[in-house]
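K.L.:
Sequence:
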Amino acid sequence: MATATAIASATGAGTYALTLAAGASAQVYCVPNMGARESVKLMRSIDGGSTYTVPVNGGDPEGNVLLSSDNNSAIITGPGYFRIDKPATAVATAIHVDT
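Residue numbering for the sequence shown follows our numbering, beginning at 947 and increasing consecutively.
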């Protein structure tokens, strides 16, 4: 498994796109945890990665929340073109992806 720093540790917003083949998965996690009321969202592309318009709802009642202050790790399973959206945060937080 290879680890990549998807979004460097910073308070600013950032995005990271990844493509997963059928049966492939990636673990996404943040260090340190997101702050209160901060969340990382997951979007899916239906046009081969040109635009990301489909929110991925992993069963979270609040929508397509991938990471939050309560949950600092998630697994994404392919196939698909995905984008991780990190908002501006109060604390410098990095997003990492293991594939």
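To be clear, the hints were calculated from the coordinates, so they are not data collected in a lab.
Do not take every clue at face value.
Per label pair, the in silico range of CB-to-CB distance [what the hints assert, rightly or not]:
1. Asn1018 - Arg990: 20 to 26 angstroms
2. Gly958 - Gly995: 20 to 26 angstroms
3. Ala968 - Ala1036: 19 to 25 angstroms
4. Ala1036 - Thr951: 15 to 21 angstroms
5. Ala982 - Ser955: 16 to 22 angstroms
6. Pro1033 - Ala950: 16 to 22 angstroms
7. Ser996 - Ala967: 15 to 21 angstroms
8. Ser1015 - Ala968: 29 to 35 angstroms
Pairs of lysine to aspartate or glutamate, EDC-like flavour, derived with a Cα cap of 20 angstroms [stated by the list, open to error]:
9. Lys987 - Asp1031
10. Lys987 - Asp1016
11. Lys987 - Asp1044
Nothing here was measured: the structure is a model prediction, and the numbers come from that model.
Note that CB positions come from ideal geometry on N, CA and C, so glycine has one too.
K.L.:
Each hint should be assessed against the structure and marked as holding or not.
P.N.:
Status of each hint after checking the structure:
no., hint, in the structure
1, Asn1018 - Arg990: 20 to 26 angstroms, "holds, 22 angstroms"
2, Gly958 - Gly995: 20 to 26 angstroms, "holds, 23 angstroms"
3, Ala968 - Ala1036: 19 to 25 angstroms, "violated, 38 angstroms"
4, Ala1036 - Thr951: 15 to 21 angstroms, "holds, 20 angstroms"
5, Ala982 - Ser955: 16 to 22 angstroms, "holds, 19 angstroms"
6, Pro1033 - Ala950: 16 to 22 angstroms, "holds, 20 angstroms"
7, Ser996 - Ala967: 15 to 21 angstroms, "holds, 19 angstroms"
8, Ser1015 - Ala968: 29 to 35 angstroms, "holds, 33 angstroms"
9, Lys987 - Asp1031, "holds, 5 angstroms"
10, Lys987 - Asp1016, "holds, 14 angstroms"
11, Lys987 - Asp1044, "holds, 17 angstroms"
Consistency with the previously given hints fails for number 3 only.
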